[in-house]
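Protein chains: 2
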Amino acid sequence: MADTGRRTPDSHSATAPGSSRRSFLRSVGVTGGAGALFATMGALGLAPTARAAAAPRFTAPARSDFTLTGRAAAKVVVLGGGIAGLTTAYELGKAGYDCTVLEARDFAGGRNTTIRGGSRITDLDGHTQTAAFSDGQYMNAGPARLAQWMVTLDYCRELGVPVEVFTNTNGSAYIYNEGAGMTAPQRYRTAKADVYGYVSELLAKATDQGALDKQLTADDKERLLAFLEDFGDLGAKADGYPYTGSARRGYSTDPGAAGTPGTVLGDVPTASEVFASQVGRTFTFEFEYDQAMLMFQPVGGMDRIPAAFVRAIGAHKVRTGCAVTSVSTTGSGVTVTYTAGGRERALTADFAVAALPPHLMARIPHNLGPDVQTALKAVTPSNAGKIGLEYRSRWWESADRIYGGITETDMDLDHIWYPSHGYHDRRGLLIGYYNTGAHANAYAALTPAERQARALAQGMKIHGAKYRDEFAAGFSIAWSRTPHLEGAWHSMQGGGPDAAVYAPLNRPAGRVYFAGDYLSYMDAWQHGAICSARKAVTALHQRVLSS
Amino acid sequence: MADTGRRTPDSHSATAPGSSRRSFLRSVGVTGGAGALFATMGALGLAPTARAAAAPRFTAPARSDFTLTGRAAAKVVVLGGGIAGLTTAYELGKAGYDCTVLEARDFAGGRNTTIRGGSRITDLDGHTQTAAFSDGQYMNAGPARLAQWMVTLDYCRELGVPVEVFTNTNGSAYIYNEGAGMTAPQRYRTAKADVYGYVSELLAKATDQGALDKQLTADDKERLLAFLEDFGDLGAKADGYPYTGSARRGYSTDPGAAGTPGTVLGDVPTASEVFASQVGRTFTFEFEYDQAMLMFQPVGGMDRIPAAFVRAIGAHKVRTGCAVTSVSTTGSGVTVTYTAGGRERALTADFAVAALPPHLMARIPHNLGPDVQTALKAVTPSNAGKIGLEYRSRWWESADRIYGGITETDMDLDHIWYPSHGYHDRRGLLIGYYNTGAHANAYAALTPAERQARALAQGMKIHGAKYRDEFAAGFSIAWSRTPHLEGAWHSMQGGGPDAAVYAPLNRPAGRVYFAGDYLSYMDAWQHGAICSARKAVTALHQRVLSS
Chain A
1 MADTGRRTPD SHSATAPGSS RRSFLRSVGV TGGAGALFAT MGALGLAPTA
51 RAAAAPRFTA PARSDFTLTG RAAAKVVVLG GGIAGLTTAY ELGKAGYDCT
101 VLEARDFAGG RNTTIRGGSR ITDLDGHTQT AAFSDGQYMN AGPARLAQWM
151 VTLDYCRELG VPVEVFTNTN GSAYIYNEGA GMTAPQRYRT AKADVYGYVS
201 ELLAKATDQG ALDKQLTADD KERLLAFLED FGDLGAKADG YPYTGSARRG
251 YSTDPGAAGT PGTVLGDVPT ASEVFASQVG RTFTFEFEYD QAMLMFQPVG
301 GMDRIPAAFV RAIGAHKVRT GCAVTSVSTT GSGVTVTYTA GGRERALTAD
351 FAVAALPPHL MARIPHNLGP DVQTALKAVT PSNAGKIGLE YRSRWWESAD
401 RIYGGITETD MDLDHIWYPS HGYHDRRGLL IGYYNTGAHA NAYAALTPAE
451 RQARALAQGM KIHGAKYRDE FAAGFSIAWS RTPHLEGAWH SMQGGGPDAA
501 VYAPLNRPAG RVYFAGDYLS YMDAWQHGAI CSARKAVTAL HQRVLSS
Chain B
1 MADTGRRTPD SHSATAPGSS RRSFLRSVGV TGGAGALFAT MGALGLAPTA
51 RAAAAPRFTA PARSDFTLTG RAAAKVVVLG GGIAGLTTAY ELGKAGYDCT
101 VLEARDFAGG RNTTIRGGSR ITDLDGHTQT AAFSDGQYMN AGPARLAQWM
151 VTLDYCRELG VPVEVFTNTN GSAYIYNEGA GMTAPQRYRT AKADVYGYVS
201 ELLAKATDQG ALDKQLTADD KERLLAFLED FGDLGAKADG YPYTGSARRG
251 YSTDPGAAGT PGTVLGDVPT ASEVFASQVG RTFTFEFEYD QAMLMFQPVG
301 GMDRIPAAFV RAIGAHKVRT GCAVTSVSTT GSGVTVTYTA GGRERALTAD
351 FAVAALPPHL MARIPHNLGP DVQTALKAVT PSNAGKIGLE YRSRWWESAD
401 RIYGGITETD MDLDHIWYPS HGYHDRRGLL IGYYNTGAHA NAYAALTPAE
451 RQARALAQGM KIHGAKYRDE FAAGFSIAWS RTPHLEGAWH SMQGGGPDAA
501 VYAPLNRPAG RVYFAGDYLS YMDAWQHGAI CSARKAVTAL HQRVLSS
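Sequences listed follow chains A and B, in order. For the first sequence, the UniProt record's numbering begins at 1 and goes up steadily by one. For the second sequence, the UniProt record's numbering begins at 1 and goes up steadily by one.
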């Protein structure tokens, strides 16, 4: 269920019950975030809490909670200035808590990172990239899209971050399955017309011939056939409901003035050819609960969200360049040591909320107990990568008539994203690859220059020479090699964040609380980080109010 | 193929060959624009020019065409300041033609009309409406969306009109088929999961049981079954590939933090119930060549396009409030009379381009011959209506989590559109109905107040009391009752704009040329009006150059 793009396990939130279930669950658990696994189990009624849990309604701490009870707000140190940490400080701040956020990097946001001209990152292998992007061009290196139901949008509204449509689906974008023998890209719309056409033809034939009479009444059959004739754009019953092409495939010459009725794309492949080409491989992406259009993005870059959080919290309370070096809980408080400007410093507070990546928290000396350490070590980071490619012209709009959306490939690029903003501008920036798992690891092993060369060479197979000739500047991220993060999302053991091994993180360890997307059912989504932070905030605040 | 919304004949550009073909063609020809009919015939290889016609590439007239040949540009009067007329004046103006546009209404744009606070229209029945919309709220009363391939987008780029996504499809919007017995609206995503689930289950069963062994090889079957398992989110082969629900239906409790895995929407209907509910009725809308996402709109209102045309042409050359009263072609020129400010005036020019609605042109005295008059009278206008409903809050976003898109109904509302801009603003404006044909005529027969009352009462069935309680201001348009337009699009006789009866309009009548969307294969789309204007411009310019 992570923001990983099509056909990655994380984006595949639904599943098949029955005997294929186990292998499916195993594949999700092994290669994807366990959040997806548990959500899946919940959907199937396998998870212990799946039926019981109604969403706890979040009520933000308020100043009146203290003024009306005579109690005082506490001092809280938040470890990590990603979305979970920022949400924690923001929500606690509403009631007057004295929060300090310690962030190891030079800027807040965590994986919510937007690369602009001048952005500079040195990775764990010592490669330094400085983005040479033009003014107004940017690349959302981490999360890039928001579903309508996600609480992230509520924060955009509350914090005054304008949003616009993220173009997650486009019938004019391409499909290119090199491994299935495709020699040229095909428009999504063409693939849909052919696949739905043949699926409809086959089901109409079987229905009409009585093969499904055990399952269907006469009324059912009539309604189903009417649906299929429309859905597949089929020919007549007397001819066997043939699919012989459709204007939905698109036109080689568009309809225009009198004399130009348009020419529908011809050379309709056979059903065998369509199935062999695997063009239907990614169709269900757009039906997933976390990926279905309409999707949204903040205007101007995803990092407008952490920037708005920091403004609301108070910039002086979010200390960047502060890497935590130890955490100690005591009977009366928490002591945190950290390095800043090359010097070791210490901070004490009444409580701490640990919103660091769990595998990095596991490396920091603490006195939170062996069960906490075991739980932290039971989270395995997994990888994702992206490259931003700025172009001198928006040839995808002017030449290919692709205004946004995603081209799907079976190459190691996985996906190419066209920009969801700046339509008709002079320049623009593509995501030249967004890949996960083994593909991400393969690119992570290359130097930034090698990644760029490979991305351009692969993309040329789809878009031709202009993909190289119009290129202006690139910047790549390999999350596994990014300091203080070292991962894109998480593989969780034994059933997700509610598995027994993680129980020590779902309750306070002394005066230390834990928060992060990994402790949610929406791993790698800001929604998950926010929900987890709200849970920690609620528990901490209830404790303070009842003390 | 017109911009008419779902399931109207005009939007249904593709069809079924075979014996059902005739009835389909007839239904399109009778109730929809004949442009759709002829495009359909072209797609089927029935239309005489369908195979021959490659799109003529448009080359705009240029000043050098005259400076290099020693000829002079002519004086042209353009009748009608809709998109066809404005395109004509704009393109001819590039070469230095002296163009005057005569527009009967108080503003240019024709059916491209955007209603804002203060907009005032008196209809043919004497009803005057003045829009009380707030600043920033608007309603595109006519065309509202642009497909990526349409030349309209090229003019947006050339004229500097910024565009943004028009949200033509949204999985979170509703379907409500009252006539099919639905008692509550259902999300589009839920309907898709169920329909695709059962279609996949049925085809998987038939395939697995050998019912399609004549059509499919063993390889085909394996690939098809793999596709269906994914497409339908099906259970195991051993269980008969059952569809038993899917996370794609949506959640009643969204996945959140640990302890909240989410609850998938239950109460999965049976296949019989799904087919009987007709929820699949409108699925193919999003596959049509002219309606498939991604779609676009100008930022700030569709009338930014005519406004940009007028700026480029020169505002003094577009004379509003000028109703043409006669047209005479002579051996040496054209004389046009018109009323302006209550007085009769006359204008002479070398040529005229008649870009008025054809049924209105037929009422104007002219000397263009009986064949022209027969052709003009062979175009029958058809109707469409819209109502804009401004609300004090954007409850569709905050309460229903619907950010844009279209709710489909089988009520006389036809469609409800949620706005594609201003997300998270305080106020917003819905299109409360966008209907065509008999539904549009029924609303046209009501007073504006009655239309509004009916729209609110119908919409409450879907959205409840907030649909009435949060309402602020309304404005409705009935195109059939709108002066100087009197229609939304056109029914063409005998096969569309290239039918023999229209031949006199596809060539000049003396020194008068004709242009308009009705003379294109994209009736009611600005693309059609522009293509037709380009054709007239090209013919006129070639004549001047060869004179």
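Simulated from the structure, these hints should not be mistaken for lab results. Note that the structure is predicted; figures quoted are calculated from it, not measured. You may find that some hints are simply not true.
A short list of chain A residues far from chain B (calculated; beta carbon distances all over 10 Å) [to be verified]: (1) Lys205; (2) Gly331; (3) Gly464.
Below, in silico cross-link-like pairs of lysine-lysine (BS3-like), each with a Cα-Cα straight-line distance of 30 Å or less [said to hold, decoys possible]: (4) A:Lys237 x B:Lys94; (5) B:Lys75 x B:Lys94; (6) A:Lys221 x B:Lys237.
Covered stretches of chain B (chain A as the covering partner; in silico rule of three or more C-beta atoms under 8 Å from a C-beta of chain A) [stated by the list, open to error]: (7) 59-73; (8) 120-133; (9) 187-195; (10) 350-356; (11) 458-464.
C-beta atoms are modelled at their ideal positions from N, C-alpha and C, and glycine is treated no differently.
So, going through the hints one by one against the coordinates:
1. Distance check on Lys205 of chain A: its Cβ comes as close as 7 Å (rounded) to a Cβ of chain B, failing to clear the 10 Å threshold; non-interface status is violated.
2. No beta-carbon of chain B is positioned within 10 Å of the beta-carbon of Gly331 of chain A; the least distance is around 26 Å.
3. Distance to chain B confirms Gly464 of chain A as a non-interface residue, since its nearest Cβ pair spans about 19 Å, more than 10 Å.
4. At most 30 Å may separate the alpha-carbon atoms for a hinted pair to count; Lys237 of chain A and Lys94 of chain B exceed this at roughly 54 Å.
5. Distance restraint check for Lys75 of chain B and Lys94 of chain B: the Cα-Cα separation of roughly 13 Å lies within the 30 Å cut-off, and the hinted pair is therefore satisfied.
6. For the hint linking Lys221 of chain A to Lys237 of chain B, the alpha-carbon distance of about 23 Å falls within 30 Å, and the restraint holds.
7. Coverage of the segment 59-73 of chain B by chain A is violated [criterion: at least 3 residues with CB-CB distance below 8 Å; count 0].
8. Counting residues of the segment 120-133 of chain B whose CB falls under 8 Å from any CB of chain A gives 0; the rule of at least 3 is not met.
9. Judged by the Cβ-Cβ criterion of 8 Å, the segment 187-195 of chain B is covered by chain A as claimed, because 4 of its residues qualify and three suffice.
10. Requiring three or more residues with a Cβ within less than 8 Å of a Cβ of chain A, the coverage given for the segment 350-356 of chain B is violated, as only 0 such residues are present.
11. Judged by the Cβ-Cβ criterion of 8 Å, the segment 458-464 of chain B is not covered by chain A as claimed, because only 0 of its residues qualify and three are needed.
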